[in-house]
Each structure stands twice: as C-alpha cells, then as structure tokens.
Amino acid sequence: MTKWVLRLLGAGYVTFLVGIPVGAVIWRALSPGIASAFDQISTSASLHALGLTLESAAIAVAFNTVFGVGVALILARHRFPGASIVELLVDLPLSLSPIVIGLALTLFYSSREGWIGGWLNARGISVIFAFPGIVLAGAFVSLPYVVREVLPVLQEIGTDSERAAETLGAGPFTVFFRITLPAIRWGLAYGVLLTTARILGEYGAMSVVSGNVVGETQTFTQFVSADFTNYDSAGAYAGALVLGMLSVLILAALSLTRRRGEKQQ
Amino acid sequence: MSIEVESLEKRFGSAHAVQGVSFEVPAGSLMALLGPSGGGKSTVLRMIAGLEIPDAGTVRIDGGDVTKLPARARGIGFCFQHYAPFRHMTAWDNVAFGLKIRHRPKAEIAARVDELLELVRLTGFASRYPSQLSGGQRQRMALARALAVEPRVLLLDEPFGALDAQVRKELRTWLRELHEKVAVTTVLVTHDQEEAMEVADRIAVIREGRLEQVGTPAECYNHPASEFVLTFLGPATRIGGTWVRPHDLALTREARPGSRPGKLVRIVRLGFETRVELLLDDGADTWVQLAGRAFDDLHLDIGDRAHVSADRARDFSAVPTASHALASEGPNGAAEASR
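Here the protein sequences come in this chain order: A and B. Okay, so the first sequence: first residue is 1 according to our numbering, each after it adds one. Okay, so the second sequence: first residue is 1 according to our numbering, each after it adds one.
Just to be clear, a hint being listed does not mean it is correct.
Pairs of lysine to any residue residues, derived as SDA-like cross-links and limited to a Cα-Cα distance of at most 20 Å, are as follows [what the hints assert, rightly or not]: (1) B:LYS100 - A:LEU94; (2) B:LYS100 - A:LEU54; (3) B:LYS68 - A:PRO182; (4) B:LYS100 - A:PHE177; (5) B:LYS106 - A:ARG163; (6) B:LYS100 - A:GLY169; (7) B:LYS100 - A:PHE176; (8) B:LYS100 - A:ARG163; (9) B:LYS181 - B:GLY28; (10) B:LYS263 - B:THR231; (11) B:LYS68 - A:PHE177; (12) B:LYS100 - A:TRP119.
Note that these hints are calculated values from the structure, not bench results. Fair warning: this is a prediction, and the values are worked out from it, not measured in the lab.
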C-alpha cells in the first residue's frame, strides 16, 4: 500500500513539475499547425540565431572536450600541489550563477574596461558583444561536465593497461589513442553530450556577453526570450519546440551511451 | 638473453625501497624474486622493465646497459598481477596489439596470434572480451600478449597472486612447461615460497629492500644464508638453541641417545601431514612434522610424553642469526659457509 502511495507521489511530482508544463509548450507550439510553427522559426533572425548557437556550441564543445580530457588526465595521473584548487575551479561553474559568469567575462575581456580586453581590441579582436564572447561563455558554463565524467573512469581503470601497452612498444601517442581513449570513450561521450546540452540551453551568461543584436549576436535562447517579451508567443513557442527537440535528441543519445557504457563493463 | 642488475637503489619519499641489490639471471633461466609483501621485489622488477627509474645502479639486458632506455625500447614482456587487459579489445586483439603497432604484415600477425593462443590454450576464446574470461584465462592471455613481440626477457609481477589456490597450482606447473618450450629468460616476483621453489631455477630472496640470498631452491632451503631465509623458505623450529626443519625431527615414545623429552600440547592433522606441538622439559616449545600415517603408528595423544631427536636434522648452527647477512660471496659462497 505505502509502496503505491510512494510511487504515485514520485510520478505525480515529476509529472506536474516537468511533464505537463513541457507538454503544454509542445502543444501550444503545434496548435497553429506544423506548417505555421515551421514558418515561425524559418525567419532569417531565427535561423541566424540558431546557426550562431550551434556554431559557437560546436567550438566550445570541441575546446572543452580536448581540455577536459587533458585536465582529467592531469588530475588522475599526477599528484601536485594545487591539484585540489584546480578541481575546485573546474567545479565552480556548476554552482556559480551564469549571470556572474557573464559579468566575470565582461570584466576581463570587455574592450572598454576589461583587464585584457583593451589590449585585444587594439589588435582588432573584440570578445564581448561578439562571437568569441559567446564561445567563451558556453565553454565556461559547461567546463565541468567532460572532466567530471572522465575523471572517475580514469581513476577506475588505473594505469596498468597503459604501462602494459608501453612495455609492448607503444609510445605516448599510441598509448593515448589506442588504450586510454577507447577506455574512457563512453564516459567522454556522456560528458560531451551533457556539455552540448548545457551550452545550447544557456541564457544567463549569454545575455550579458552576446550583445543580443538581432541577426548578428543574438543566440537562440535570446531569440526565444525576445519573441516572448515582444508578445510574439507563437514564435517563442515554436523556438522553444526546437530547443525541446534538441534536448530530446541529446537525452536519447545519453541513454544510449549509458547503456553501451554499462555493457562494456 | 641474460639480465644483470648492479647496485640498484630506489627511494619513494622517505622509504628506502631498494638498497644495493645486485644479481644476475643467466640466459634462458627462470629466476624468482621471493620475499614478503612490500619488501621491494616488485620495484626491482619494474626497474628491470623500465617502469621505474632507479636512483642509482645499472640494469643490463644481454650485456647492454638499458638503465636509461624507456620501457618500450627494452624488448621486454611484462605481466601484471591484475593482468592489465585491454578491456575494449578481444583476446585476439589483445595478443595482436604489440604486432599491430609494429605494423607487421596482416598474415604474419594472424599466424603468430593463432599460434600464441594455442600455446596458452585459449584457441576457442579468441573473440571473447577480457570481462568474459576467468582470472586464469586473462593471465594466460596477458602472457600470450607479452610473448607476441618476442621479448628478450619476460617479467612476471605476482602473476598468480590474484587467483585461487587451485588455479595457482595448475598455472604454476603450466608456466614451468611453457618455460621449457619457449626458453625465454624469465623473472618472476612472488611472495609464495612454494611457488618460487617449484617454478624457478634460482631464487633471489629480497627483504626490506635488500638481497638476502641468491641460489637454487635447494641451496637456499638447505643452506640458508640468514635466519630470515631459513624461516621464510620453509617450516623451522628451534631445538636445543639451534634451528632445525620440523620434518627432520624424529618423534619416539622411548628415549634415544641425544633425544629430548617433552609433552604433546597440540596435534594438527592436515591429511598428508600431521603437526605435533610439544612443550619440552627444558621449557622450550617445538614442533614436529610427520608425514602420512607415521604419527598414527605412534599411538600418542595430547598430554602424552614423547621424545624428540634431531640426529638426522640439517645443521643450521652456522647460519648467522643477524637477519641482514648478505650473500655477498654469491650463492655458493653462502652455501659453503654453512657446511
């Protein structure tokens, strides 16, 4: 009896909190018809915002994949003074409000008052209110995911198989690409997917650093938000549907990855 | 290919793990590094492999100094206690790894891998992943993987340490047979004296980072260079102030010339042997190891009086009691000293 009450309670909680509201968005987006929803998001402003988000996300994900694996390797394989500080910094974006991240980036990179922004600006590189700022904000907010997924896997597999490969004649590159990387691949894939999801959905940090110029530096979440505040709710819901579909795709990929990863164990 | 290590030194922080260890492994022979856990024997092996860099000393393989060479350039095969399988590869791919990264022709790799899998009796398991193999099978796979690259020397770090007793014994016998077939110079690290004595041509006993003795199993057992080797290599007990092997003692109901009287305090029957513990009248404890039914024939029980004589026992009175006696004159020197 209590078992059923608990189940009902759990199911009810997530249904009312997540299920129904998200369902309502989908229903609202599609109620004028699919063709109409499609028209809403195929405006040039919308397409540009989507393109900008995907493009900046691709770059930020690439950076965080490479550096995330690197940082995880260093943390897992070397004990050094300050390692715990590095770990703390890696985790910081999880607890730091995105708005603070946006402000921090601005303070450092803004061409007018940023610490190195002026220097960069003199060399023709603007970061804040430009594409590089959007990439940086995405990379910053999503920094922890690859490291957090890869680090425990590295610690669990240990170094014996890498040493074994070495004794068989493998150099550092061969060891990394043929032993280490395949061993962490599912953890890494999971981390990359989480990173992607985080960047695509980021709004707070973007709203500080992007500049939000329609057709230029407006990201997709900003586009959705702008539509909503401009009483263009059809556009806002259609945009929300696109973001929702992207997260469903990522969710499917995540569960597939997790299952593959578990099977390998 | 012979291996020589000379005056090896290694510190880990404040721990002096290896202290002035020197020995030689003749080409084609099998040497066991034997000693208690944490005694530095694995560190010696890893320094031969190039997985640890010695603070001082020299490692030579086939006469050439390899001390500064990285592990991958030493031409070694190494097996880890926990097998270190490549988990994302099948057994076949594990064995093929060393050949693939050397870009050998495909046909040659295939032939060699099949041959090795047959040698380690894993022919039917080629397409299994390590997680689908038992511990013993994984270690045999790791051995085939190490042998695939035709190493100059084979280094085994507690290869059977994680296996249960039955499998250990089987693999031990099998390893000895394999060594007869392949005849590659082998160094085996173990803390199990029975394993060392059964498998190895020669044993190097290492304790607290130092070499206690090098010699054949019989030399070390019968002519131990130190009290430590004496007690570590086999059962030992004291009688009349000197060490003896308990299976060299005789137990009788009646007194004999030179025998010592005492009382039975404990009897442990292990099937193939019986251990009889006695409290001698001179106040010393000792024990006698009797084979098969020898004890039953005496019709003795706890509390009964009996006599222990050591007239057939090996004489260890010359064994230095200071436990750090080094076998600096080599195995024979140490052996001669106790004669």
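We went through each hint and held it up to the structure:
Proximity of LYS100 of chain B to LEU94 of chain A is assessed by CA-CA distance (about 43 Å); at most 20 Å being required, the pair is judged violated. For the hint pairing LYS100 of chain B with LEU54 of chain A, the CA-to-CA distance comes to about 39 Å; that exceeds 20 Å, so the pair is violated. Using a Cα cut-off of 20 Å, the hinted pair LYS68 of chain B and PRO182 of chain A is violated, with the two alpha carbons roughly 30 Å apart. Of the pairs offered as hints, the one joining LYS100 of chain B and PHE177 of chain A holds, with about 14 Å between alpha carbons and a cut-off of 20 Å not exceeded.
The suggested pairing of LYS106 of chain B with ARG163 of chain A is violated, with an alpha-carbon distance near 25 Å, which exceeds 20 Å. Proposed proximity of LYS100 of chain B and GLY169 of chain A is supported: the alpha carbons are some 10 Å apart, at most 20 Å. A C-alpha spacing of about 15 Å is found between LYS100 of chain B and PHE176 of chain A, which places the hinted pair at or below 20 Å, so the restraint holds. Proposed proximity of LYS100 of chain B and ARG163 of chain A is supported: the alpha carbons are some 17 Å apart, at most 20 Å.
The straight-line distance between the Cα atoms of LYS181 of chain B and GLY28 of chain B is roughly 11 Å, inside the 20 Å bound, and the hint therefore holds. Note on LYS263 of chain B and THR231 of chain B: the hinted pairing is violated, with a Cα-Cα distance of about 24 Å set against a maximum of 20 Å. A distance of roughly 25 Å separates the Cα atoms of LYS68 of chain B and PHE177 of chain A; the hinted pair therefore is violated under the 20 Å criterion. Under the criterion of a C-alpha separation no larger than 20 Å, the hint pairing LYS100 of chain B with TRP119 of chain A is inconsistent with the structure, at around 51 Å.
Violated hints, listed in ascending order, are 1, 2, 3, 5, 10, 11, 12; each of the other numbered hints is respected by the structure.
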